[in-house]
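Q: What follows is the residue order along each chain.
There are 2 protein chains.
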Amino acid sequence: MNQLQLDPATEDEAPEDAGIAEIANLVATGEMADAVVALDRLSPDSQAEAVASLSPELAANLMEHVVEASAVEIIDHLPTNVAALILDEVTSDHRADLIAELSEANAAEIIDQMTPEEAADARTLMQYASDTAGGLMITEYVSFQADQTVRDVIEDLAENADEYRHYDIQYSFVCDGERLVGVLPLLDLLLSKRATPLRDIMVANPISVLDTMSLDDVEDLLESHAFLGVPVIDAQGDLLGVVQRAAVEYARSEQQRSDYLKSQGIVGGEEVRSLPLLDRSKRRLSWLSVNILLNIMAASVIAFFQDTLESVIALAVFLPIISDMSGCSGNQAVAVSMRELSLGLVKPNEALRVWFKEISVGILNGFTLGLLIATAAMLWKGDAMLGFVVGFALCMNTMIAVSFGGVVPLILKRAGVDPAIASGPLLTTITDMCGFFLVLGLASLLLV
Amino acid sequence: MNQLQLDPATEDEAPEDAGIAEIANLVATGEMADAVVALDRLSPDSQAEAVASLSPELAANLMEHVVEASAVEIIDHLPTNVAALILDEVTSDHRADLIAELSEANAAEIIDQMTPEEAADARTLMQYASDTAGGLMITEYVSFQADQTVRDVIEDLAENADEYRHYDIQYSFVCDGERLVGVLPLLDLLLSKRATPLRDIMVANPISVLDTMSLDDVEDLLESHAFLGVPVIDAQGDLLGVVQRAAVEYARSEQQRSDYLKSQGIVGGEEVRSLPLLDRSKRRLSWLSVNILLNIMAASVIAFFQDTLESVIALAVFLPIISDMSGCSGNQAVAVSMRELSLGLVKPNEALRVWFKEISVGILNGFTLGLLIATAAMLWKGDAMLGFVVGFALCMNTMIAVSFGGVVPLILKRAGVDPAIASGPLLTTITDMCGFFLVLGLASLLLV
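Heads up: the sequence lines are chains A and B, in that order.
For the first sequence, position 149 (counting from the first letter as 1) is numbered 149 according to the UniProt record's numbering, and the numbering increases by one without interruption.
For the second sequence, position 5 (counting from the first letter as 1) is numbered 5 according to the UniProt record's numbering, and the numbering increases by one without interruption.
Hints in this document: simulated from the structure, not taken from any laboratory.
Incorrect hints may have been included.
One copy or two, it doesn't matter: identical chains are merged, so the pair holds either way.
Below, computed lysine to any residue pairings styled on SDA-like, alpha-carbon distance capped at 20 Å [what the hints assert, rightly or not]:
(1) K381 <-> E310
(2) K347 <-> P197
(3) K282 <-> I359
(4) K347 <-> E22
(5) K347 <-> E31
Please put together the full structure from these sequences, using the hints given.
A: Written out as structure tokens, the structure is:
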């Protein structure tokens, strides 16, 4: 815990210490949202110190509310034995997500120090991608054997009431050995005689999902049924856990968030400003440096038409406008395609259908925008031909932009590339090149 | 129902009819996700026809799965009496959202034809903004009086089992008259003697939220507690409904989605490509036409430096690069601010803190990007001074971009303007103007 052995005379010590004390108070009174904000204000070392000063239960509770990127940073700064104690207490699905983000060496060391049961659980859940039923499920559920009676269940519930109070026990599950054979609405339990075996009152052949089922498919299933959760089984039919509706909605919200951040160039995972400066700079640069190369490539088109530019210098004013407006139109089409893909309203192989829907919008909008820019050019220079050149170029390039914008996400998805990251840069490179070529090519024919 | 009286010989009739039959089959077998896709493939008239051909219960179920913008379009195409029958069956929170999106005249006419109970319910829920507890709650809950006994409750549950099966009844609520006085975990009911009055086993003074509480605050509350739902009360303490955790997660997901779409220029509400062409074109143009004016304004800076450009025509190649790269850097900062605002990690009045965090990244990234573009310029033209001008301009403008990008969402939020819509256009206008001025101003000093 070398971070904690800092010279006590360090300049920042006093306010950071106050922050650590404040967090302990907020966590103790259950004000988790405020505790998270206070934690975010501290340096990574102090964040770890604050978390380590809490009981493992409270620390786990706090860690479940922190942004994942910050939580991973904090665990990295904790001694592995402290991290293991805390992770023992984190809910099973969060735990697996956090451990999966740690460096392999650190993860292995921490798992070794966890209680054997939780460690085994973490190893199992880590094998699932976070957007599968296995990755979404929690392993905290209540199950009974089919030959147990209502009385057995009620006695068990009474005995373990404290533990179960934190579970979602609208349903409990009925198994034959490990195999899921029924679900038992709590309501039905209330309405039955104590000596009835569960087999007689359970809902047999319950709807369940395979551990490998995708988030999209689990979502579709929950859309078609009013369940608050659905049991997860493996290929043998053995019960593994339960996916709650709230977990599915949360995962979808995280996916929307991630798509938004990626589309704006935050690509290496979430950024909060309490993360170390160099990490933030490096992550952003990784995306910016690809973009600057693409930009230079696109702008090189301009260099080919240097003579044209020299004779009609006014064109230099319109090049950035054409570039930016085509990017805007294209990004609208990208956003609609991303959304329709995520809703399942369009399949990656329906590029032609999308193109048809986009080009019709592109003709209308291209014509309108072209007319606007042509008017502006004529008003400024009194040159009808200049107006025609920039207007026609923007009109054509708007059609190109919406066509590519609509189709590119589908093609990228088919090719297995994340469309949220790659669509924007790919689109603007294409539209910039086409736009510059259209303006300057037309000008060299009509204006020089 | 004039849409349904189309000439049966219309060209598209056959495939559209097949689609309508397919939807009825898919809905009947519970394959809602597929039914939604099939519905999306039809024209608005046929969509309405397909929905009208279902029983009100099934139609309501289908409508709950359709994108809101499409659902509103469909209701607009239905005769009001059919729409009223269907809306009677839609869950209370969805119903209020849909009616709120209809034109006022249409909404009034439909509500008049709904059953009085559902109509009153809809009128009440419509008064709440969709991001408040009142707008998020459902009014389908189970409640009892404090002086009723466990036996009373069990008898009521048995009697109404069919109706309650669709409710979330992990908890039922205990009232004194209308006033919420306790919650009753179903589990506790199981463990109590039949003659016990609820007052003796309920959890008294339960945590509840006011109907006016914001989504953010409800979310904070659910983060601090493991509840699957929380009761909603009015200022008098009367029970109004229940907000489920899944509804909060869903609302958050919708907000993320909406921020993403707005940032990409889809601003007038969601767009799916089955919406009418003119609507889609008009909505996109409303945003594009603002952007083209801002673009022309920004590019007018270039016109002031026409002489400089004429003598160093190579600069025309770098103007779009500087404009685009500054936009990229700035948008990264916007995205992080949007995210920190939505997480509550930064308050709208903490602009100085954000600026401090951004400028440090801006110095590092500006220096790196400036060096890259300077190198490219020197390699191309062999002119060190040209390299210095474009490199220094990009470096400075990156710092400007991240500063504005980080701070603009906070300022807009404080001013009550939606930062998801306005941040991008505002940012790129500022960075374009500054970028063009830096490149051309420096060039006029150093290169001419």
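Q: I want to check one pair: K347 and E31. Are their C-alpha atoms no more than 20 Å apart within a copy, between two copies, both, or neither?
A: Between copies only: 17 Å across, 44 Å inside.
Q: At 20 Å max between alpha carbons, let me know whether K381 reaches E310 within a copy, between copies, both or neither.
A: For K381 and E310, the Cα distance is within 20 Å both inside one copy (16 Å) and across copies (16 Å).
Q: Cα distance capped at 20 Å. Does K282 pair with I359 within a copy, between copies, both, or neither?
A: between (39 Å within a copy, 14 Å between copies)
Q: For K347 and P197, with the copy left unspecified, which applies at a CA distance of at most 20 Å: within, between, both, or neither?
A: neither (47 Å within a copy, 57 Å between copies)
Q: State whether the alpha carbon distance between K347 and E22 is at most 20 Å within one copy, between copies, both, or neither.
A: Intra 51 Å, inter 19 Å, cutoff 20 Å: inter-copy only.
Checked against the numbered hints given earlier, this structure breaks only hint 2.
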